[in-house]
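In the order they appear, the protein sequences are chains A and B. First residue of the first sequence: 0, per numbering that gives the first Met the number 0; consecutive thereafter. First residue of the second sequence: 0, per numbering that gives the first Met the number 0; consecutive thereafter.
To be clear, the hints were calculated from the coordinates, so they are not data collected in a lab. No experiment lies behind these values; they were computed from the predicted model shown. Built from N, CA and C at the ideal position, the CB exists for glycine as well. Please note that the accuracy of each hint is not assured.
As the list claims (entries may be wrong) - Heads up, incomplete: computed chain B residues facing chain A, CB under 10 Å, no partners named:
#1 D149
#2 I153
#3 N159
#4 V163
#5 E169
#6 M295
Said to hold, decoys possible - With beta-carbon atoms standing in for the labels, derived distance ranges:
#7 V174/A with T45/B: 49 to 59 Å
#8 A287/A with H326/B: 31 to 41 Å
#9 V106/B with E63/A: 44 to 54 Å
There are 2 protein chains.
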Amino acid sequence: MSGSVLAVDIGGTKFAVALVGSEAGGEGEVLRTRRTATPPGGDAQTLWRTLDSLIDALLTEPAEVVGVGVGCGGPMNWPEGEVSPINMPGWRDFPLRARLAERFPGVPVHVHNDAVCLAVAEHWRGAGRGSANMLGMVVSTGVGGGLVLDGRLINGGSGNAGHVGHVVVEPGGPVCGCGARGCLEAVARGPALAAWALGRGWQPGAAVREAPGQGEAVPYVEAATASGRQLALDAAAGDRLALAAMERAGRALGLAVAAAVNLCDLDLVTVGGGLSQAGRLLFDPLEAALGEHTRMGFARRARVVPAALGQDAGLVGAAALILAASHYWPR
Amino acid sequence: MSGSVLAVDIGGTKFAVALVGSEAGGEGEVLRTRRTATPPGGDAQTLWRTLDSLIDALLTEPAEVVGVGVGCGGPMNWPEGEVSPINMPGWRDFPLRARLAERFPGVPVHVHNDAVCLAVAEHWRGAGRGSANMLGMVVSTGVGGGLVLDGRLINGGSGNAGHVGHVVVEPGGPVCGCGARGCLEAVARGPALAAWALGRGWQPGAAVREAPGQGEAVPYVEAATASGRQLALDAAAGDRLALAAMERAGRALGLAVAAAVNLCDLDLVTVGGGLSQAGRLLFDPLEAALGEHTRMGFARRARVVPAALGQDAGLVGAAALILAASHYWPR
Numbered sequence: 000m001s002g003s004v005l006a007v008d009i010g011g012t013k014f015a016v017a018l019v020g021s022e023a024g025g026e027g028e029v030l031r032t033r034r035t036a037t038p039p040g041g042d043a044q045t046l047w048r049t050l051d052s053l054i055d056a057l058l059t060e061p062a063e064v065v066g067v068g069v070g071c072g073g074p075m076n077w078p079e080g081e082v083s084p085i086n087m088p089g090w091r092d093f094p095l096r097a098r099l100a101e102r103f104p105g106v107p108v109h110v111h112n113d114a115v116c117l118a119v120a121e122h123w124r125g126a127g128r129g130s131a132n133m134l135g136m137v138v139s140t141g142v143g144g145g146l147v148l149d150g151r152l153i154n155g156g157s158g159n160a161g162h163v164g165h166v167v168v169e170p171g172g173p174v175c176g177c178g179a180r181g182c183l184e185a186v187a188r189g190p191a192l193a194a195w196a197l198g199r200g201w202q203p204g205a206a207v208r209e210a211p212g213q214g215e216a217v218p219y220v221e222a223a224t225a226s227g228r229q230l231a232l233d234a235a236a237g238d239r240l241a242l243a244a245m246e247r248a249g250r251a252l253g254l255a256v257a258a259a260v261n262l263c264d265l266d267l268v269t270v271g272g273g274l275s276q277a278g279r280l281l282f283d284p285l286e287a288a289l290g291e292h293t294r295m296g297f298a299r300r301a302r303v304v305p306a307a308l309g310q311d312a313g314l315v316g317a318a319a320l321i322l323a324a325s326h327y328w329p330r
Numbered sequence: 000m001s002g003s004v005l006a007v008d009i010g011g012t013k014f015a016v017a018l019v020g021s022e023a024g025g026e027g028e029v030l031r032t033r034r035t036a037t038p039p040g041g042d043a044q045t046l047w048r049t050l051d052s053l054i055d056a057l058l059t060e061p062a063e064v065v066g067v068g069v070g071c072g073g074p075m076n077w078p079e080g081e082v083s084p085i086n087m088p089g090w091r092d093f094p095l096r097a098r099l100a101e102r103f104p105g106v107p108v109h110v111h112n113d114a115v116c117l118a119v120a121e122h123w124r125g126a127g128r129g130s131a132n133m134l135g136m137v138v139s140t141g142v143g144g145g146l147v148l149d150g151r152l153i154n155g156g157s158g159n160a161g162h163v164g165h166v167v168v169e170p171g172g173p174v175c176g177c178g179a180r181g182c183l184e185a186v187a188r189g190p191a192l193a194a195w196a197l198g199r200g201w202q203p204g205a206a207v208r209e210a211p212g213q214g215e216a217v218p219y220v221e222a223a224t225a226s227g228r229q230l231a232l233d234a235a236a237g238d239r240l241a242l243a244a245m246e247r248a249g250r251a252l253g254l255a256v257a258a259a260v261n262l263c264d265l266d267l268v269t270v271g272g273g274l275s276q277a278g279r280l281l282f283d284p285l286e287a288a289l290g291e292h293t294r295m296g297f298a299r300r301a302r303v304v305p306a307a308l309g310q311d312a313g314l315v316g317a318a319a320l321i322l323a324a325s326h327y328w329p330r
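All chains should be modelled from the sequences, with the hints used to inform the complete structure.
Below, the structure written as structure tokens:
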């Protein structure tokens, strides 16, 4: 395949587009990128015009687009690509695939869940390379994922396979955004974890301000917000409640990962997203809980590693829906 | 394909072999069957001779065997087919596939986990026909299963995909045979459930003896054993503790099934095995717990149905490893 693939990454905070090389050798290389903020509260047409203009800005130099791969926040009708991203009320059953197909006639246009694209990216070019059976997870304001089994992306009956955030880890536990109780996402998503710590007296940023070598000498400290990211920073600075929150998240993740490992006979789990920045403080309790709940011989081999790709991951995964369709798109 | 497939079903209580038709039209029809008890405490050679003789007894009339499909209790090295069935200590890393390949040279010999074969059978010829995304479960002295996703049997990295019995449904709960705590199998397998009820004062068979229309008039009642099957009978007769045990099992099954539905985007779950004989008394709490924990649109469509095939299911699934290898055996 010569020419380039147009990769599109649609999120609640930003839109990103890229040209990705399709030549052997440079296949999967991100050649050129454009980003813009998602118009807050934009209606369907405003959102589409924003994307359309962003693509114009990317394609100022001539380029032969041989296919379009798209990652978009869910839910969506799949594979039709009619999207209703939970954080973008302006698009409800918006025919994103059809609109892109009008703009790029005669080439394949593949739309998938953004968390699935991140998993695909890790499998194709990141920490999951060489694994035939992996779960790629994102732990951020939500908890999502994508499954690759027997070397192929698993879509499930409606393109929704990989929803590991809704494995129950605490029966009778906190209510999740989905309406159920005790889902992994209800326990381990950043905002839930921050609320849990605040409810126990966590003072965001206090541990960082009081850390040795700073204290009184620090003339100005930016106001800390009660976020998952701040929780990770405070845990690193030794805050007792922030550490307890990481333990809580890690154990919840370990239970859900164990379910996936036992059910799907996985080799590997990659974990990305904001909370994974906490490093060992999160991965240690995760691995402990996983080890306690994967006791059969086959399940013990599964490893958990941080995701390897940075902010381009969503674009790389979207491009793979075209460039490596034999693995990541239904035959 | 003309000729017949030799199907073999190796379990801790019985060995079964069958010739299964491979002609279009009769494909999958069980033509002839032989069964024998598993020699208790048999060593490797005794077990092999028992199987070998059983095959002799099946093949007294001439038959062209075009392939051999085998379901065997796990664990095993897969796809090598070196088996170590947990209930047959005489076979440890026994080269079952290789020995059958010596006896039937030049034809494919495929060995898989017995629970996987039951799931394959339900998908191929039973309650799962037409579903592209299903989990086939067995709830008996153990809890096992097999996964079909995107229309193909999922093997996982070591042929162990489908181990739904080791999804955690009760964190910190009872210790499982695998060594972990709170696995579905530790809660819902027949013997665990019977022990749970006995510990609360269950008197096996009492409810059946006292049921209206029987009482004093019954001259002889066979001694009831504290089994999962008896528990199901007593629940049907209205025994309070037996009903509570079915509720406990059903809810545990519902949580694990919800995990599989959310993670794998399933259409269908089939449930077979002794405990499934309890019918609505088991399926009602199962469906209630499943409904509580599958709240996203895509997950609500999943249905749970009883397995449809009887005692030949294991043989039918074993035959499918050959007759429908394009769906049930790796390319």
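- Hint check against the structure, violated hint numbers in rising order: none
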